[in-house]
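> Protein sequences, first through last, are from chains A and B. The opening position of the first sequence corresponds to residue 1 in UniProt numbering, with each subsequent residue numbered one higher. The opening position of the second sequence corresponds to residue 1 in UniProt numbering, with each subsequent residue numbered one higher.
Honestly, the hints are just simulated from the structure, not real lab data. We put the CB at the ideal spot given by N, CA and C, even for glycine. Please note that a few of the clues may not be correct.
Under 7 Å between C-beta atoms, here's a sample of chain B residues computed to sit facing chain A [claimed, not checked]:
no.: 1; residue: 1
no.: 2; residue: 3
no.: 3; residue: 8
no.: 4; residue: 10
no.: 5; residue: 14
no.: 6; residue: 67
no.: 7; residue: 68
no.: 8; residue: 71
no.: 9; residue: 74
no.: 10; residue: 84
no.: 11; residue: 88
no.: 12; residue: 107
no.: 13; residue: 109
no.: 14; residue: 120
no.: 15; residue: 123
no.: 16; residue: 127
Have a look at the derived ranges for each label pair, beta carbon to beta carbon [what the hints assert, rightly or not]:
no.: 17; chain 1: B; residue 1: 88; chain 2: A; residue 2: 327; range: 22 to 32 Å
no.: 18; chain 1: B; residue 1: 102; chain 2: A; residue 2: 360; range: 44 to 54 Å
no.: 19; chain 1: B; residue 1: 18; chain 2: A; residue 2: 285; range: 53 to 63 Å
no.: 20; chain 1: A; residue 1: 103; chain 2: B; residue 2: 3; range: 49 to 59 Å
no.: 21; chain 1: A; residue 1: 187; chain 2: B; residue 2: 10; range: 44 to 54 Å
no.: 22; chain 1: A; residue 1: 103; chain 2: B; residue 2: 2; range: 53 to 63 Å
The lines below spell out each chain.
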Amino acid sequence: MTESPGFAPRAAIAGIGHTEFSKDSGRSELRLACEASRAAIADAGLTPADIDGTVTFTLDANSENEVMNSLGIREVGWMSRTPNGGAGAAATVQHAAAAIHAGLCRNVLIYRAFNERSGKRFGVQTGPVRSGGENWHVPYGLRTPAQMYGLWYHRWMLERGMSNADLGHYTVTARAYAATNPHAWFHGRPITHDDHQNSRWIVEPVLRLLDCCQESDGGVALVVTGADRARDLRDGPVARIAAAAQADVFGGVTTTNYYHDDLAAFPEAESVARRLWAAAGLGPGDIQAAMLYENFSPVVFMLLESLGFCGRGESADFVRDGHLGPGGKLPVNTHGGLLGEGYIHGMNSIVEAVRQIRGGAANQVAGVEHVLVSAGASGLILAADS
Amino acid sequence: MSLVVPPKPGPDDAFFWDGVAQGRLFLARCATCRRVLQPPGPMCPSCGGVDREVFDAEPRGRLLSWVLPRHPPAALPEQEVVALVELTCGARLVTNLRYAGPDDLRMDLPVEMFTDTLDGVALPQARPERRPA
Numbered sequence: 001m002t003e004s005p006g007f008a009p010r011a012a013i014a015g016i017g018h019t020e021f022s023k024d025s026g027r028s029e030l031r032l033a034c035e036a037s038r039a040a041i042a043d044a045g046l047t048p049a050d051i052d053g054t055v056t057f058t059l060d061a062n063s064e065n066e067v068m069n070s071l072g073i074r075e076v077g078w079m080s081r082t083p084n085g086g087a088g089a090a091a092t093v094q095h096a097a098a099a100i101h102a103g104l105c106r107n108v109l110i111y112r113a114f115n116e117r118s119g120k121r122f123g124v125q126t127g128p129v130r131s132g133g134e135n136w137h138v139p140y141g142l143r144t145p146a147q148m149y150g151l152w153y154h155r156w157m158l159e160r161g162m163s164n165a166d167l168g169h170y171t172v173t174a175r176a177y178a179a180t181n182p183h184a185w186f187h188g189r190p191i192t193h194d195d196h197q198n199s200r201w202i203v204e205p206v207l208r209l210l211d212c213c214q215e216s217d218g219g220v221a222l223v224v225t226g227a228d229r230a231r232d233l234r235d236g237p238v239a240r241i242a243a244a245a246q247a248d249v250f251g252g253v254t255t256t257n258y259y260h261d262d263l264a265a266f267p268e269a270e271s272v273a274r275r276l277w278a279a280a281g282l283g284p285g286d287i288q289a290a291m292l293y294e295n296f297s298p299v300v301f302m303l304l305e306s307l308g309f310c311g312r313g314e315s316a317d318f319v320r321d322g323h324l325g326p327g328g329k330l331p332v333n334t335h336g337g338l339l340g341e342g343y344i345h346g347m348n349s350i351v352e353a354v355r356q357i358r359g360g361a362a363n364q365v366a367g368v369e370h371v372l373v374s375a376g377a378s379g380l381i382l383a384a385d386s
Numbered sequence: 001m002s003l004v005v006p007p008k009p010g011p012d013d014a015f016f017w018d019g020v021a022q023g024r025l026f027l028a029r030c031a032t033c034r035r036v037l038q039p040p041g042p043m044c045p046s047c048g049g050v051d052r053e054v055f056d057a058e059p060r061g062r063l064l065s066w067v068l069p070r071h072p073p074a075a076l077p078e079q080e081v082v083a084l085v086e087l088t089c090g091a092r093l094v095t096n097l098r099y100a101g102p103d104d105l106r107m108d109l110p111v112e113m114f115t116d117t118l119d120g121v122a123l124p125q126a127r128p129e130r131r132p133a
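Looking at chain A on its own, in the form it has when it is part of the complex:
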């Protein structure tokens, strides 16, 4: 089988919007979705009547009808939803861009909103197994995402001789970025490596508390439109979608990825990487900043290697040497990441990528031409178009 050469759509992210990231929004999930959407549509220079397509996650609780009816969107001709939870975050942009590229619609609203902390907490298993697939891990005591992912992360780390202390160097960098980002939940609260090592075990010997993303209440929305239209709508650099990809690979399971031949790899992320580089005609050396999904800190290391920013087995040294921080070779998660800014299922990292392209991010990287977003099973490359 020949792999698709990837997808370079003639589309751009024209609008970004989000609510505050909190632990108790005090508002309905639908209201969060609508507030974020309204902000993104206004940021794009459009009105709700201009929106003729929607994309969200299969996991999102807000129906297309409800969102349309609250926002005043008149008619949509394209609606889709993406699988794989946060690992598929960037696939929402692929869907929107594909629909625009194919001429099915002109302006697509992407939304994701939840009260993930104050409402139903993700991954708290109290009742019986919910599907046959859970028979293979839940009865043995793997009830939370940290526990499920931990088995895979641990093997990945063991084969590299890595320990939890290696992960701490990433978390210190992420929290330093969050400390200077006013949108971040952990604004003004940096941590030291000792803080990381003194935080309690969640899953020993893999994940401590400070390796885990936040549980957040909030909403994020994006507006995707044609690349030419996006330039007309805005002065200054526009976030053109140079490539958008997603991938599942035979044998994969999102939360219990225990069945690939090589457990010390992330085949889905490697497939996404090949597609992104091929579609954009770019390589790791062309990227000035990256937003790498981290529901848990090991994923940053897995993605650095899977995307080719460093070689296999080199990510611990790469992170320890400070390349992810300000002025480093590859600034990563300049908003503070999902550990530091908030966890809106990875969508807030796409917002940060657009901020970096436009200029004026809280921790702006100098000379940004291309920003990569990877959520593992999906990814994007944004290019600054002016």
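Got chain A; can you put chain B on it based on the hints?
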């Protein structure tokens, strides 16, 4: 209610739990091409066959990975170590590693499988392989 979340056997995996109830380790393989199907699905991904046969898996393998849940903690002391095991036939199972000391927690530790009933729920379990005396 049991502290162990019980499995809910369905059409594709009831044979496995029938085996566990008898203290045996049943796995499925494709009746046409003999590919081991674990986790078992309704169709063989190699040949498309939908007929399968159940066999007694050799109850031995090696430790691929392990975790010790701390927050929330294990519901039972027997489940303190959750392990990923690869059996000699190549199938992988999540299980609990029992009777293991700190030195046993290493990649590729040889393990053997047995069945135990934890708070009323019968489950396959692993322990370090007993070496010949």
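> If a hint holds in the structure, say so; if it doesn't, say that too.
Tested hints:
no.: 1; hint: 1; in the structure: 9 Å, violated
no.: 2; hint: 3; in the structure: 10 Å, violated
no.: 3; hint: 8; in the structure: 5 Å, holds
no.: 4; hint: 10; in the structure: 4 Å, holds
no.: 5; hint: 14; in the structure: 10 Å, violated
no.: 6; hint: 67; in the structure: 4 Å, holds
no.: 7; hint: 68; in the structure: 4 Å, holds
no.: 8; hint: 71; in the structure: 5 Å, holds
no.: 9; hint: 74; in the structure: 5 Å, holds
no.: 10; hint: 84; in the structure: 5 Å, holds
no.: 11; hint: 88; in the structure: 16 Å, violated
no.: 12; hint: 107; in the structure: 5 Å, holds
no.: 13; hint: 109; in the structure: 12 Å, violated
no.: 14; hint: 120; in the structure: 12 Å, violated
no.: 15; hint: 123; in the structure: 6 Å, holds
no.: 16; hint: 127; in the structure: 14 Å, violated
no.: 17; hint: B/88 / A/327: 22 to 32 Å; in the structure: 52 Å, violated
no.: 18; hint: B/102 / A/360: 44 to 54 Å; in the structure: 52 Å, holds
no.: 19; hint: B/18 / A/285: 53 to 63 Å; in the structure: 56 Å, holds
no.: 20; hint: A/103 / B/3: 49 to 59 Å; in the structure: 56 Å, holds
no.: 21; hint: A/187 / B/10: 44 to 54 Å; in the structure: 47 Å, holds
no.: 22; hint: A/103 / B/2: 53 to 63 Å; in the structure: 56 Å, holds
In the structure shown, a violation is registered for the earlier hints numbered 1, 2, 5, 11, 13, 14, 16, 17, in ascending order.
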